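Asks: So the chains spell out like this:
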Amino acid sequence: MLTLEGITKYFGSQRVLTGINLELKRGEILGLVGPNGSGKSTLLKIVLGLVYQTEGVFRFQEGAERVKLGALPDKPGFFPGFSLEKNLMLFSGRVKRPVFNETIARLGLIPYLHKKFSSCSTGIQKRCELAAALMHQPELLVMDEPISGLDPAGVYAFRSLMRDWQSNNMAVLLTDHALKELEKICTSICFLRKGIIQSVVPVHEITSKHGSLEEAYRFYNLKSA
Amino acid sequence: MEKNQLLLIVRMEWMKTCCRMNLFFSIAMFMLLVLQVGVLVRVELSGEGDEMMVMAEPEIIFQYAGRYISNLAFTFMPLMLLINIGREFDFAVVQRSLVSGINRKEFFAGKTFQLAIFSMAVVVFAIVFRLLAAAMYSVPVIWDLKELVMYGLVASCLGSLALMVVFMVKKRFYALAVFMGYALLENTFSAIMSGRMMYLPFQTCIGMLRRGNESLPDFVALGVYTAVFNIVAWKVFRRSDLR
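Chains as they are written, first to last, in numbering that gives the first Met the number 0: chain A, 0 to 224; chain B, 0 to 242.
Mixed in with the good hints, there may be bad ones.
What the hints assert, rightly or not - Result set (DMTMM-like, lysine to aspartate or glutamate): computed pairs, CA atoms no more than 20 Å apart in a straight line:
id	chain 1	residue 1	chain 2	residue 2
1	A	74	B	213
2	B	2	B	105
3	A	85	B	143
4	A	115	B	105
5	B	170	A	73
6	A	85	B	89
7	A	74	B	240
Quick caveat, the hints were computed from the structure, so don't treat them as lab data.
Note that the structure is predicted; figures quoted are calculated from it, not measured.
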């Protein structure tokens, strides 16, 4: 689905990513974890085409120049003064009305549609972002901290969405600091530190080897320190 | 670009413009503009010692109709465009648009569409103002095509400058400061050069709006500036990182 080869990124003279090689297959949910400033968001933005890599290439599935992308960037990207409905309509493009309705219903957004985006709680704003990402029925979903700000019900809904996504053979690339939740959602984890990949490990291997993702995180961070 | 994609972009831009241009905001901005022109007219006339004329406000206002339109073209439209696009950068709407199925080229096309709409609005405003003045004071309407083209070109030239600045700076208030700063710098430079005719963007526009006898080099200069500003804006946007 997605292959990254030798991705390196400089912002001015500062090197943010160094020779990133990564492969994401269909049906895989890959979580990027690492401390702040390790280059997770930059890597996601490169995949989304918002930031250009200095070196290296990334390819989507064989023969395709691009795939249908769904994204949840680090900033909401909605007009705070517009209602949720107007904001979602703006970015729904050619999404058919039944799909639009189904997505907002599934995320429990119907009662909030006429509220201003700025006056909604963080959790509702996050759900709105998720709706914008999902209504395009993407093949590859890229998300930057999708869980932060969600209440338990939101987290549960998100988890069930991810399961559906996986069963539909879609690929997901996400980053978050909620390690316990990532352990439940992801199929494999990529440990990133100072712009360098430490390791890419399947979740079942992490649990059998380290007990939990938290322990594995500590292990890989101490190892590379 | 496919027809469907083009229609989608036009729809998006239309929605954004309509949602932002709410009635209250537009009236408030327009009142500010009218106030600005009203004060300018009074100051100018009182400077000429014609105090009686100052009292006869409606007639004078309509005599100075051109000045209203000039100010609209000169200040209102480019600033509105700059604020509109600047907001999209401030709220990361640009990023959201780019990951929602439209590419950079299409996004930029949407902005040039907005510029065209704004320039067109200035011309429409000029026509409406003429008709209104003619109906109120029973005078014949004189259609000067050259003048209407001039209004459209002035708006599109300064709008393109605003577009270029905002795509370079990517922050609304910084872009506003740069735009205003450039205008001030150009005026100062022109004053130092003792008003010698230089084909700088603001000076050419001011010259055309004041003189009323626009020459071909003026039109050419504005056309070239419009094209150059748009090309630079696109080149900057095409390769820039949106962090």
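Asks: Could you run down the list of hints and mark each one as holding or not?
Replies: Results of checking the hints against the structure:
For the suggested pair residue 74 of chain A and residue 213 of chain B, the alpha carbons sit about 48 Å apart, so the restraint of at most 20 Å is broken. The straight-line distance between the Cα atoms of residue 2 of chain B and residue 105 of chain B is roughly 12 Å, inside the 20 Å bound, and the hint therefore holds. For the hint linking residue 85 of chain A to residue 143 of chain B, the alpha-carbon distance of about 41 Å lies beyond 20 Å, and the restraint is violated. Taken as a hint, the residue 115 of chain A and residue 105 of chain B pair is broken in the structure, with Cα atoms around 27 Å apart against an allowance of 20 Å.
Between residue 170 of chain B and residue 73 of chain A the CA atoms are separated by roughly 17 Å; this keeps the pair inside 20 Å, and the hint holds. For the given pair, residue 85 of chain A sits about 18 Å from residue 89 of chain B by alpha-carbon distance, which is consistent with the 20 Å threshold. As the CA atoms of residue 74 of chain A and residue 240 of chain B are separated by approximately 15 Å, the hinted pair is consistent with the 20 Å bound.
In this structure, the hints that do not hold are numbers 1, 3, 4, in rising order.
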